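Chains A and B supply the protein sequences, listed in that same order.
Residue numbers are given in the numbering used here: position 90 of the first sequence equals residue 90, and the series is strictly consecutive.
One rule links them: number in the numbering used here = place in the second sequence (from 1) + 1000.
It is worth saying that the hints were derived from the structure and are not from the lab.
You can take every hint at face value.
Computed from the model, here is a short list of chain A residues facing chain B with C-beta under 8 Å:
hint, residue
1, 122
2, 126
3, 131
4, 135
5, 144
Derived pair list, reagent style EDC-like, types lysine to aspartate or glutamate, alpha-carbon separation capped at 16 Å:
hint, chain 1, residue 1, chain 2, residue 2
6, B, 1280, B, 1110
7, B, 1280, B, 1118
8, A, 219, B, 1342
9, A, 213, B, 1083
10, A, 230, A, 243
11, A, 213, B, 1084
12, A, 199, A, 271
13, A, 219, B, 1084
14, A, 121, B, 1342
15, A, 213, A, 243
16, A, 233, A, 243
17, B, 1194, B, 1224
18, B, 1232, B, 1211
19, B, 1336, A, 125
Quantities reported herein were computed from a predicted structural model and do not represent experimental measurements.
All C-beta atoms in this analysis are idealised placements derived from N, C-alpha and C, irrespective of residue type, glycine included.
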Amino acid sequence: MNDVVIYAVVSLSVIGVASAVILYFVAQKFKVFEDPAIDVVEKALPGANCGGCGYAGCRAFAEALVRSGKEKQTLEGLNCPVGGNPVMAEIARILGLEAEEKEPQIAVVRCNGTPANAPHKVAFEGATTCYFAHSLFAGESGCPYGCLGLGDCVAACIFDAIHMDPETGLPVVNDKCVACGACVDACPRNIIELRNKGKKDRRIYVCCVNQEKGGPARKNCSVACIGCGKCVKVCPFDAITMENNLAYIDFEKCKLCRKCVEECPTGAILEINFPPRKAAAQPGEGKPEKVPSEGVEKNENSNA
Amino acid sequence: MLKTFKTGGVHPEEYKLSGSSPISVLPLPEKVFIPVSQHLGAPAKVLVKKGDPVKAGQMIARGEAFISAHIHSSVSGKVSRIDEVTDPSGYRRMAVIIDVEGDEWEEHIDRSQEIVREITLDQKGIIQKINEMGIVGMGGATFPSHVKLMVPEGKKAEILIINGVECEPYLTSDHRLMLERGEEIMVGIRILMKGLGVTRAIIGIENNKPDAVNYMKSLAAGEDGIDVVPLKVKYPQGAEKQLIKALINREVPSGRLPIEVGAIVHNVGTAFAVYEAVQKNKPLFERVVTVTGKTVKNPSNFMVRIGTPVSHLISSAGGVLEETGKIIAGGPMMGKALTSLDVPVIKGTSGILLIRSDESRRVEQNTCIRCGRCISACPMGLEPWLLGKLISHQEYERAEKERIMDCMECGSCHFICPAGIPLLDWIRVGKSRVGQIIRSRGK
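Pulled out of the complex, with its shape left as it was, chain A reads as follows (with noise of 0.2 Å):
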């Protein structure tokens, strides 16, 4: 009786170091080398995996890091907008290398076609995807360019940072946009921009994406770009450039001076979150209304 159970426990010690030793050398063998900073750098990201910095997710992010790192000694390219500069500048300590500063960025909406502006012309009954409705229609209001309003954006945000506004129809960004650039894609019209925040949250941009003429475009939309011009013309800093019938402000080389704001015939051109003007100096009156989104509100909170 006793012989059975020592023959039982010789014999599986004695498999199992066997085991063991195989184990231990085909695990020598085969071993792959992986960087000990690349989990490092890993735990250092937010671990969203959003893909906002082009790669598939966060560790696949940190291989590229920790690669660029060791090989170039910069990480110059790379960046993760969700985590930003503090973020950055944690890795590039991590990795001993200077971090260059980047201008946080903010998703943009560059339509303003409210049921006021862009008054619906026909109803659509569907999938509720713009992708779809894109394939199929120019849109309610008849813009072909305009936003469809069904929200593939609102989709493809997994910070809960773009929502639909019921009242306007468009989406509305608020500051938890991180710039990953998901809706960017995910917009059928490239409606979507990301563009520099700017000081204290000031913007000034284009809303309008049609590249149709004056008049098709103004049938439309009472605020669309109608490309007359004005605006280049007047900008010091030649930061508007004109292209297909629509304006485009450079927010690198853009001071936020507002003089195209003023000069723009069709209040295509939105300011955002500036402090109101003098009473002398009102040449909004009259014009459009102006949809502040959800987000600068709350920033204009946050400064005041």
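Let chain A serve as the given structure and place chain B on it in line with the hints.
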């Protein structure tokens, strides 16, 4: 027992309101808008410029790609401009706009009513003529007809199938054409047979048009190798693959063309256009359009010049009544709602349909209870509810395995769904997404 296809199918109410009204020639509009892309394939290249005088039948845009078709002026007058105009989707696309002056046709067009029966051209000449005259499939898909006649190497055409089914509710343009221009259609079929080099043709007509069946039968009696087969009424029998299954009981493999099983399908409208092109030298610049619906005062069939604005057709049929909620180009099942009445009639417009406002709204959407009606309705044997679910959850690769690309967008699943789920919408999204994936794989 009458023949029909086996898998799936639905039977919507027919409402053939305009079936008894003869084709009348619509007076010319003041202006026509002729889009340069009226067919499947590459847009044609504009040949005229602003201020040029044109005659009816003159080529104004040349289709240069392999799959493309020439565009001819439908009126005489002056080119007022070449500009973008609103197309049925509300997007703006290139078109030639012509101010109508008089009605002068190109000299080589034979305008007499006399029927020319003798076919003088040979096979090659026929295909070339059809190409020259810009003939496209008149059933709605607008595939260039001459391409269909060029049988690819290694394949053999055995039989020509003529589609006189008109399975869409409301529409009657093919019905009236068969009754009034049956003899010309017969000659057109002969020409198509010669062009393909086949000796047998079958005309399929649904049994809800007994007058057309009887008339075509009496005409076919004197012709060798042409048969008329009445079919049981079932939607979508007018689809190529379903029609082939119903008439000759052959199944076209998934993702292949009918030529795989030796068949070529042409519409009766195309046969008529081919007759006019080959025997009368007349390019495709007018077609029969049904203007119908419960809110139309006088549902009618018009012979309309291509490029005529839809508003002109509707006013000729008595105008828009108050209760109209939706205007559709095509039939109620596969047609497309218009966003503007300035849209011109193009080669593929078989009807203009006005829907009453209480019928035009979609029913409220509910949850899928897996009743399976969409599966039994799908003529391609797919599972529409599953495809819809997969697409709304972005499972594109599984949808591809479930054969989403076989869907021909007939809308039977959406029509039958008791929960009002827009199945076809989701499947269309899916087809476009899956198509992108397949194309990117090829690169």
